[in-house]
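Enquirer: Next come the chains, spelled out residue by residue.
Number of protein chains: 2
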Amino acid sequence: MTSGPSFLLAARQCEIAELEDLARTGELVGAIGRLVHALQRERGLSNVFLSSHGSRFAGQRLQQVAECRLAEQQVRAQFDHLDTASSQARNGARLFSRVAVVLHGLDGLAQLRDRVASQQLSTREATVAYVKLIAGLLAVVFEAADSATDPAISRALVAMFNFMQGKEFAGQERAFGAGAFATGAIDAAGQQQWRHLVESQQGCFQVFCDFADAEVLRVDQASRDPAVLAEVERLRRIACGGRPGLLDANLSASWYELLTRRIDAMRSVEDVLALHLRHLCEQRIAQARGELRDQRAMLDALASGALDPGPEGTAAYGPHLERSMLGLLQEQACRLQAMGDELDAVRATLNERKAVERAKGLLMAHRQMSEDEAYKALRQMAMNQNRRLVDVAEAVLALAEVLPGRGR
Amino acid sequence: MTSGPSFLLAARQCEIAELEDLARTGELVGAIGRLVHALQRERGLSNVFLSSHGSRFAGQRLQQVAECRLAEQQVRAQFDHLDTASSQARNGARLFSRVAVVLHGLDGLAQLRDRVASQQLSTREATVAYVKLIAGLLAVVFEAADSATDPAISRALVAMFNFMQGKEFAGQERAFGAGAFATGAIDAAGQQQWRHLVESQQGCFQVFCDFADAEVLRVDQASRDPAVLAEVERLRRIACGGRPGLLDANLSASWYELLTRRIDAMRSVEDVLALHLRHLCEQRIAQARGELRDQRAMLDALASGALDPGPEGTAAYGPHLERSMLGLLQEQACRLQAMGDELDAVRATLNERKAVERAKGLLMAHRQMSEDEAYKALRQMAMNQNRRLVDVAEAVLALAEVLPGRGR
Chain W
68 MTSGPSFLLA
78 ARQCEIAELE
88 DLARTGELVG
98 AIGRLVHALQ
108 RERGLSNVFL
118 SSHGSRFAGQ
128 RLQQVAECRL
138 AEQQVRAQFD
148 HLDTASSQAR
158 NGARLFSRVA
168 VVLHGLDGLA
178 QLRDRVASQQ
188 LSTREATVAY
198 VKLIAGLLAV
208 VFEAADSATD
218 PAISRALVAM
228 FNFMQGKEFA
238 GQERAFGAGA
248 FATGAIDAAG
258 QQQWRHLVES
268 QQGCFQVFCD
278 FADAEVLRVD
288 QASRDPAVLA
298 EVERLRRIAC
308 GGRPGLLDAN
318 LSASWYELLT
328 RRIDAMRSVE
338 DVLALHLRHL
348 CEQRIAQARG
358 ELRDQRAMLD
368 ALASGALDPG
378 PEGTAAYGPH
388 LERSMLGLLQ
398 EQACRLQAMG
408 DELDAVRATL
418 NERKAVERAK
428 GLLMAHRQMS
438 EDEAYKALRQ
448 MAMNQNRRLV
458 DVAEAVLALA
468 EVLPGRGR
Chain Z
68 MTSGPSFLLA
78 ARQCEIAELE
88 DLARTGELVG
98 AIGRLVHALQ
108 RERGLSNVFL
118 SSHGSRFAGQ
128 RLQQVAECRL
138 AEQQVRAQFD
148 HLDTASSQAR
158 NGARLFSRVA
168 VVLHGLDGLA
178 QLRDRVASQQ
188 LSTREATVAY
198 VKLIAGLLAV
208 VFEAADSATD
218 PAISRALVAM
228 FNFMQGKEFA
238 GQERAFGAGA
248 FATGAIDAAG
258 QQQWRHLVES
268 QQGCFQVFCD
278 FADAEVLRVD
288 QASRDPAVLA
298 EVERLRRIAC
308 GGRPGLLDAN
318 LSASWYELLT
328 RRIDAMRSVE
338 DVLALHLRHL
348 CEQRIAQARG
358 ELRDQRAMLD
368 ALASGALDPG
378 PEGTAAYGPH
388 LERSMLGLLQ
398 EQACRLQAMG
408 DELDAVRATL
418 NERKAVERAK
428 GLLMAHRQMS
438 EDEAYKALRQ
448 MAMNQNRRLV
458 DVAEAVLALA
468 EVLPGRGR
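Top line first, the protein sequences correspond to chains W and Z. Per our numbering, the first sequence starts with residue 68, numbered consecutively. Per our numbering, the second sequence starts with residue 68, numbered consecutively.
Chain W with its partners taken away, still in its complex shape (with noise of 0.2 angstroms):
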C-alpha cells in the first residue's frame, strides 16, 4: 500500500516532470522567435517589393524566404516533439490547438508567396496575412507562459512574450511607416493608429521591464542605440506629433531602414532570453533533482530509524523522527503555497490580454463581426474615447450581462 513519503516523492517526481516539460517550451519558444523574426523581414520585404511593383528587393526577398523555411522547419521539429513528449500536460488542449492553427497558416505560406511573387496581392493583404500567422505564433508563446507552474520561469516567459508582442508591434510600425511616409501624406485616422502602435509596444516593454532578468536589461540597454532612437521619435514627430497633411516621401527608406536597424537589435536581446529561460529551466531541474535526492536520503534514514523500537511501542515512529517527518511535510506544504500565490502573481498580468481576446470572442458572437474586425472595433473604440486597450475590452465584458442571447 502507498505510504506518504512516496507520495511526499511524487509529488517532487511531478514537479521535475512539469520543469522538464517547460524546458521543452522554452526550446520551442526560441524556435518560435528565430520563425517571427524571419517572417517580419519576409513581410517586410514583400511589402516594399509588392508597393514597388516588383522592382524592388526581388532578390533579397527570395534570399528571406529560404531563411525562413529554416526556421519553419525547426518550429516544425519543436511541434513533432511536443505531441510525442506530452498528451497529458497541462493546458495541452489549448496549447495544441493554438499549434492547430499555426501549422495550417505555415502549410497556406507557399500559396501566399506565390500570389506575392506574381503580384496578385495588395500591400495591405500581403501584410494582414504575415500579421495573423505571427499572431498566431505569439499566442503559442503566450499559451506556454499561461501554462508554466514554476514561478521564477514564468516570470521569464512572461517578459518574454512581451518582448516578442513588443517587438511585432514595432514591425507593424515599420510596415505602417514606411506606407505612410511613401504615400507622401498622413490623416488624422492614420496619426492615432499610429501612435497606438507606439503606445502598445510601450505597454509590452514595461511589462518586459518589470519581469526581466537583471542580466537581460543590461543587454536590452546597450541595445539600444541612442542616435537609432533619436532619429525614430524625430521621424515619429514629423508624421505624428503634428496637423494631418503632407509628409516627405523620401523618408520612407529612411524610416524603413532605420526601424529595421532597431528591430534587428531586438533580436539579439530574444536570444540572450531565450538563453536565459534554458539556463533558468536546468538549474530549476538540476535544483529539483537534488532536492528529491535528499529528501529521498531523509526518508530512507527516516524509516530505517523507525525499525528501532521507540520509547513508545505503538508508535510508528518515534518523537524524534516523527517531527522530522512532519518538518518535511510542512516545509512541503509551504513551499508549494509560496510558489502558487507567485505563479498567482505574474499570471495576473497576462489577464489584460485575457480580457482584450473575451471582449473580442463577445463581438464576434454578438456582432456577427470576424475577428479582425472585433479588434479593429475595439481599437476605434480606445482611439476615441483616448483610454487602453484593456479598459475598453473591460467595459465590454461588464456590458456582457446586457447583451441579448448571451448563453448563462
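There may be inaccurate statements among the hints.
Said to hold, decoys possible - Label-pair distances were calculated between CB atoms; the ranges are:
no., chain 1, residue 1, chain 2, residue 2, range
1, W, Arg402, Z, Met436, 17 to 25 angstroms
2, Z, Gln140, W, Glu398, 26 to 34 angstroms
3, Z, Gln447, W, Ala415, 24 to 32 angstroms
4, Z, Arg356, W, Arg454, 41 to 49 angstroms
5, Z, Ala465, W, Arg402, 17 to 25 angstroms
Calculated from the structure, these hints are not laboratory results. Don't be surprised by glycine CBs; every beta carbon is placed ideally from N, CA and C.
Let chain W serve as the given structure and place chain Z on it in line with the hints.
Expert: Chain Z alone, transformed into the frame defined by chain W:
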C-alpha cells in the same frame, strides 16, 4: 511531419485524458466523503467516551472504528490508483503533497485510538487530532476542485467541497455544543466561537447552493427535516442568544442527538453529489469521444477531398475545404476560450479559502506561530472586529508589504 489536423485531434485527446483524470478524482472525492463521515462519528463517540470517563459509547466507539477502517481502505486504494495513473497530472505536485499529509495522519490513527481507549487524552486533545486529519482530507478535495479543467465538473466539485466543509463545521458545532451544554455554562468567548461555527457553515452552504445542480438542491431541500432544524435553532438560541451564563446540562445529549440526525441527513446528500459528479464525468467523456470521432471523420473527408486537384492548383485545399478547416479551427478555439472563461469564474470562489491559507502562512512565517495558532489568531481578529474571516485574511495580506523580512 506533424500536421495541423493531427494537433486538432491531439488537443481533443488532451481534453479526454483530463476528463478521465477528473473521473478518477471524482471517485477519490466520493471515498473521502465516506471516510470523513466515519471519522466525524468516531470523533463524536470518542468525545462522549472520554468526557464520561469511559462509561458511555465504549461499544459503539469500537464498532465505529471498524467502519472507519473499511472507509480508510477504500481511500487508500484510490490513492494507490492515483499514484500509478499519472505523474503528469495537472496540479499533481500539490495534490500529491496533500495526500502525503493525509497518509501521515492515517498512519497515526492507530496510536490515537489506543490513547483514546486508555483515556490518556483530554476531549480537547482528541478533538484537535480528528479535526486536523479531516482538514487534511478536505484539503485533498479542495485541490481536486482547484485543478479541474472542465467548467461543469469544476462547478460540481466546488459545490461538493463546500458541502463537505459545511458538514465538517456542523460536526465541530456538534462537539462544541455538546461540550458547552455538558459543562453547564457558557461565557462570551464561547458564544462568539459558537456563532462563528454557525456563520462558517452558512457561508459554505451558500456557495454550495450557488453551484450545485438543481436536482442535488432538491435532494438537499428534502433532507432538511423542519422539526430538527427548528429544535437546533431553539437550542442555539438558548446557548448563544442571550447573555453568557448557566446552561442546562441535560440538553447536552439531546443536542448531540439532534445534530447527529442533521449530519447523517447531510451524508445522504453527499452521496447524491458524488453520483451526480460521476454521471457528469461519464457524460462529458462520452460527449468528448463523440466529438473526437466526428472531427476525425470530417478531417478524413477534407483530406480525401484535397486529393482532387482544386481550382487553384497550388492550394493544399480548395476554397470550400479551406473554409471547413478554418471553421473547425475557429470553433475549437472559441470553445476552449469559453471553457477557460467559465472555469476562471468558478475558480474565483475558491480564492477566498486561498486568501485565508495565505494569511495563515504569513502569520506562521512572521510571528513564528503554529498553523493552529495562526488560524486562531485570524479567527480572534474576525470575532473582535466583527468581520468575516476572509476580510480579515485579506487585510493581513494587504499588510504583508510592510511586514519585515518578507522575501520578494
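Enquirer: Hint by hint, note whether the structure agrees.
Expert: So, going through the hints one by one against the coordinates:
1. W:Arg402 - Z:Met436: 17 to 25 angstroms: holds, 18 angstroms
2. Z:Gln140 - W:Glu398: 26 to 34 angstroms: With a Cβ separation near 29 angstroms, Gln140 (chain Z) and Glu398 (chain W) satisfy 26 to 34 angstroms, so the hint holds.
3. Z:Gln447 - W:Ala415: 24 to 32 angstroms: Between Gln447 (chain Z) and Ala415 (chain W), where Cβ atoms are some 31 angstroms apart, the hint holds.
4. Z:Arg356 - W:Arg454: 41 to 49 angstroms: Since the Cβ atoms of Arg356 (chain Z) and Arg454 (chain W) sit about 45 angstroms apart, the hinted range of 41 to 49 angstroms holds.
5. Z:Ala465 - W:Arg402: 17 to 25 angstroms: Because 23 angstroms falls inside the window, the suggested range holds.
The earlier numbered hints are all upheld by this structure, with none contradicted.
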